[in-house]
Amino acid sequence: MSIDIDIDEITEVFIEESLEGLDIMEHGLLNLDIGAADPETMNAIFRAAHSIKGGGATFGFTEISEFAHDLETLLDEMRQGERPVTREGVDLTLQSVDCLRAMIRALATGEDLSGEAATLRAALAAMLADGNNVGVASAEAPAATSAEPTEAPIIGWTISFTPKPELFVRGNDPSAIFAELQRISSTEVTCAGFDEVDFESLDPTRCTLRWDIVLYDGVEREQIDEVFSWAIDDCELIVEPVLGEVPTPVAPVSSTEPAAVAPTPAADKPAATSAPKAKAKGSGGESSSIRVNIDKVDNLINLVGELVITQSMLSRFNGDFDFTQLPALREGLAQLSRNTRELQDSVMAIRMLPISFAFARFPRLVRDTGNALGKMVDLQVVGEGTELDKTVLEKIGDPLVHLVRNSLDHGLETPEERVAAGKPETGVLELRAYHEGGNIVIEVSDDGAGINSDKVFEKAIERGVISAEEQLSEERIINLIFMPGFSTADQVSDLSGRGVGMDVVRRNIADLGGHVSVKSERGVGSTFTIRLPLTLAILDGQLVRVGQESYIVPLVSIVETIQSGNENISQVAGESELFRLRDEYLPVLRLHELFGIEADSTEIDDGLLVVAEANGQRVGIFVDDLQEQQQVVIKSLESNFRQTAGISGATILGDGTVALIVDVPGLIQLFFDRVAEQRRHEAVA
Amino acid sequence: MATELNKDPLDREYGTGAAGQYLTFMLAGEEYGVEILKVQEIKGWDRATPIPNAPEYVLGVLNLRGAVVPIIDLRCRFGIEQVPYGPTTVVIVVKMQSEEQERTVGVVVDGVADVYRLEDSDIQPPPEMGDSAHTEFVGGLATVEDKMVILLEVDRLIDFKDMQPVSAQASAA
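These protein sequence lines map, in sequence, to chains A and B.
Take any residue in the first sequence, count from 1 to its spot, add 547: that is its number in my numbering.
Take any residue in the second sequence, count from 1 to its spot, add 728: that is its number in my numbering.
Hints were generated in silico from the structure; no laboratory data involved.
Some hints here could point you the wrong way.
Selected chain A positions facing chain B (in silico; Cβ < 10 Å) [to be verified]:
1) SER1097
2) ALA1197
3) LEU1200
4) THR1204
5) LEU1207
Below, simulated SDA-like cross-link-like pairs (lysine to any residue); rule was C-alpha separation at most 20 Å, straight line [what the hints assert, rightly or not]:
6) B:LYS771 with A:ILE1199
7) A:LYS1182 with B:PRO778
8) A:LYS937 with A:LEU847
9) A:LYS970 with A:ASP925
10) B:LYS771 with B:GLY788
11) B:LYS766 with A:SER1186
12) A:LYS1182 with B:ALA795
13) A:LYS1182 with B:GLU830
14) A:LYS1182 with B:LYS823
15) B:LYS823 with B:GLY772
16) B:LYS771 with A:GLY1203
17) A:LYS1182 with B:GLN829
18) B:LYS823 with A:ALA655
19) B:LYS823 with A:SER1186
20) A:LYS1182 with B:THR832
21) A:LYS843 with A:VAL855
22) B:LYS771 with A:ASP1202
23) A:LYS1066 with A:THR1076
24) A:LYS1182 with B:GLY788
25) B:LYS823 with A:ARG1189
26) A:LYS843 with A:THR887
27) B:LYS766 with B:LYS823
28) B:LYS823 with B:ASP850
29) B:LYS875 with B:ASP850
30) A:LYS1182 with A:THR938
Where a beta carbon is used, it is the ideal one built from N, C-alpha and C, also for glycine.
Please model the entire structure based on the sequences and the hints provided.
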């Protein structure tokens, strides 16, 4: 349109809001009871479609608004009870939602989806036309629709436009509307008069004018509706077709009743249908803006207020301080530390979003996948309100999809198998999220067949993941599915086993500083548990000391810490040291050797072994001592230096010194590289 | 005089060897200069947190108002004999441009000397010194009051390519 403001930014908002609207529609549609639709849900779905139509028309995305219009018409009939809510209708609507979503995404990428859109619009049109013959309550609608096929060609339209006085206040501008009409057709606008007001009481913010508009050149009715779509609630609008020669009776259209005219397919659009501006946007799928609940912002402001009070209280001690004031100073400092902690939590909370954003796609996915596999699945979601960091949230989606698909494909059985096993026909897939300590835990569980550990064991040997002699506990065997080069699928199916194995899931989660494990019982089901830090900027760490240096080991990686005697250590073939932890032998990583620093003592007796796990590999990290546990803010080493093996970043401790954060997987890699290097050296020597 | 007055100090060309103001410091009895616009601040020496498996001349990282900044020892970098750090030992924090990234790095030197304004005519290109490994750091030579000042090429002080991947480091350790 001709309004010349930063249109790109507004378009972005439109895209974002439309995508949200589509999510609402999808969610509503999936929850719709066939045959007995909840009117509230229907209204929500309808409203979302309506906003997309309006927004699309305003920003000149004609294809989107036309599509949304057809969809809206169908939804409106369902909403008004003129059409029964059928499975076919819901399926078609869901497909349309998908198509609209693709079209809106395509605004950013410039892809052409008109082919798909045309097909779906034809299907929508067919359903609409069909509905008028078979529909339950078509009695109200026929006035306009039944007349259409027989009438003479429409050569133009006359519009009587009588705005309500508060039109301007709502942000509508008649001149912009006229300009837009002029753009789509040759238009004559005449002022039809004005309300008599005496000059003194004239209020420039109130609209007192009326207009008559005449349009020619095969303009579609919907195009006119689109132009007026924002103003329609604030005016009296009477649109009459100008037919070939025969004048027809007036069909007034009031604002609340959207046109019941059967839409025509996209093909016969005049030249005015310019393709939406296809601008390639650099950014990927992750949105960079964030919507924050106003409560969170208010809370933040309150906390800053408290901080200011504490600060002024503490500044009293700035001048002459004597020791009688010490208790007051202490109290002030305690308050400051409390304020700081609360402020930190609140700032973090701004980045926190409920996990329902990640869970939202699953009802659809489970429905579609379940149908494709012929399985009956009841999806249960618990703890959708659990919040986690936006970055983590955006990255956890794919691993979760993989786990859910995996459960559907391999976990849950077909109805026949379930009945044979004495279980109810419908399988249960549960997504559960909750907070535990500083972590968020997400569980994907099913009541399916469970993991066959014998099969996993055989496969692992076959793939060379383990050797045949290895004695492993049931739990360890099941967790082998996360090893690289492992796929439990008997055959490659369309859903899982497309070369993306569970090792990728584990790696993605590890990249987020998290951890995934599985528990399974044969015949009862399996549960995948993902444990993630709430945020990527702060990490729970354990300070460990080696000689003069302190390092931070992420708490998620630590299994336990033990004091081991020399007697539990054995030297294998004179090189790598192993220590016995109950029924396992774990390699000993001497941090002082790997990092080339002086330790207090090199005797295992004198120090501690931190048992840490990464990528399914457990090791004992030998350190001198454990210090306190604390939350640390992660600083990048790379911004001023370079990535360093075994170190994931740095942080600043309370005393202002820098402590390095140990990257456990990197450290283990470093250790194995050293061992390999040593062997090579010995071979040469 | 007139030409000098018309000269905008910020309008000159960047890069070593160009006229402008230089901060000089002492290292093993020699005076070195760095472009003053590359200097961010000068701070006293503090113990740095060592970085595992970094080159010897990288002493570690320091907290510079919340940023984690690597510190290098210039004596060690130049292969000059080490002396214990004394009261005049300072860290000159410079901004260096390498691999399309601006990094902030602290350089430990014996002490700060002076600030000079150098003209193009004061500066000579570095002489050919054969295969000496350290000529790459020298951007030029200047004579001030009959003293020689060695102008440093700050951007080359840390060779980030020098920090090899893990396995190569392993053999060195």
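Could you tell me which of the numbered hints above are not met by this structure, giving the numbers in increasing order? 18 and 28
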